[in-house]
Amino acid sequence: MWSKSSRAPEEYPKDSLDRFGDDLCGLVLSYLSLEDCFRLECLSKQWRRSIHQKRHKLVVGVDSWVPEVIPLTDDYRDVERMDSQTFDAMVKKLPNITSIYITILSEATERVFEVLMKSYKHLKTIHVRFWTGNDTQLVDRLLRTYGSQLTSIVMTRDAFNVYKEHSLKTLHISIQFMNTEVYIAAMKLLCELKALRELTLRIHMIGMIEDLIPVIDYHCDEFVNQWPQLKRYQLTIMYATIPQMRRVIESLNDLKRLQYLTLNFSDLAITQSFFDDIDTHLPRLKAFRLVAKLDINACITATVERLPKLTNMSSNGKNGTQEEYLKNSFDRFGDDLCEVLLSYLPFEASIRLECVSKQWRRSIHQKRDKLVINAVIPELGHLKNDYIDVEGIDIQKVESLVKKLPNITRIEITVKSEAPERVFESVNGMRGLRRLRLIFIPLLRTYNNMDLSLNSLSALKRLQHLWIDFDDLVVNERFFDDIDTHLPRLQSLRLSAYFEMSAGIKESVERLPKLIKYDFHILKVNEQCSFVDSYYN
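Position one of the sequence shown corresponds to residue -6 (this note's numbering), numbered consecutively onward.
These are calculated hints, taken from the structure and not from any lab test. One should not assume that every hint holds.
Said to hold, decoys possible - List of simulated lysine to aspartate or glutamate pairs, EDC-like, C-alpha gap at most 16 Å:
id : residue 1 : residue 2
1  : Lys181    : Asp210
2  : Lys286    : Asp270
3  : Lys50     : Asp71
Source: prediction; values computed, not measured.
Put together the whole structure using the sequences plus the hints.
Here you go:
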């Protein structure tokens, strides 16, 4: 059953057959295009819910070969042969659309765009592609009315003056199979759009590799010098060489405000030396994504993580441990179906079923990103399905379990016996960990003399959020020694314990280069009171 609000479904109990039916319908329909889904909407109310209420993207009038739309072809709807009544009915059936992708081909598709803009008031993504043959008056009219709402726009070669007049802040440009002169001319025109804050540039040359040399020269010597205000840059270059791409990296230092960078070198094979001194050339970078032939190793990760402000790094958009299947692959359907079934089971029950097949093990191990160990059950809330009790497990089994879960990014541990303390030591093997919550419960008061320091977490170089509750344990100032060395990427720190807040502790904590917030719940050693010392950067 759905609530009166068309935007939020009623929450079913976890063991509800209705919820399982919805999930299964959603899984099956995810393999069908939007047009095929509409043909099946007559089957049942459950199918209509999955088709209509759970659809968030709509692609209209876009050619399937457009690179940025290829992953969205399943959300495509051909409106060219629809009459206005059928189109209006379709829009009403899809109330939860938050992203639209449209190519403005003519005044007819302009009217379609206007209907969509009036019908959907909660749009987060509005991607508009203007056709090369569009009348500049049409472009001007739409930008004048909706320009401030567009999140991305693909340009036409004959409308630069219109874009300049409307002070566009985001632009996607793809110039393919043109000669050298066309690329350089296009980049010269781009330099006139001084209001741009986000630029996506795709360069796909026709001809020999040597033809790309003048384009690279212009990009590195002139183009980058025109963008002191650019914050986001996505660059795709086909058929370049490693020295050329290395030169591109070094030239980006002139983009003084650049914070988000995506480089797509397609099939170019790059080596570890490519990243040398990257922290010198791109010191302000917060997010970095690279697409190329590359095996990420510890040395590359360490080199890139020297970027002082980096918070996000990815390569090729894929998890190295996750197999990628074709959409119509039976293996993919098996994985997806396993994931739906396992979502109804707690973690411990899932582990008991890992012997069923490799497919089940992939769904259990590779897709698990949260782990809760020996927590107080009433406090688990929505994390109860990630809970495991290690009291009766020997250390070898615990270490084996940790190795099976390579993609854990969040852990909560309650230390109330010897076994969880050893688990805490095993956490160091989870190099991808981003969040850690550690709760000590000294039931027998045996932990008061426990020697614990942040050095035991020093292997977790990607840890960003740390919460430690020592209950009534006493923490000395040495606990914070070299915290900026052990946990250099820490953004938030929360601590509850008995200790005296001193200038030395504050100085140690505030040396953390990326710290945004710390929150200390301090229990005075000789007083029955507490207070909170907080800091926001």
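Given the hint that lysine 181 pairs with aspartate 210, test it: the Cα-Cα distance must not exceed 16 Å.
13 Å, holds
Tell me if the straight-line CA distance from lysine 286 to aspartate 270 falls inside 16 Å.
Violated, at roughly 20 Å.
Run the distance test for lysine 50 versus aspartate 71: straight-line Cα separation, threshold 16 Å.
14 Å, holds
Hint 2 from the list above is the single one not met by this structure.
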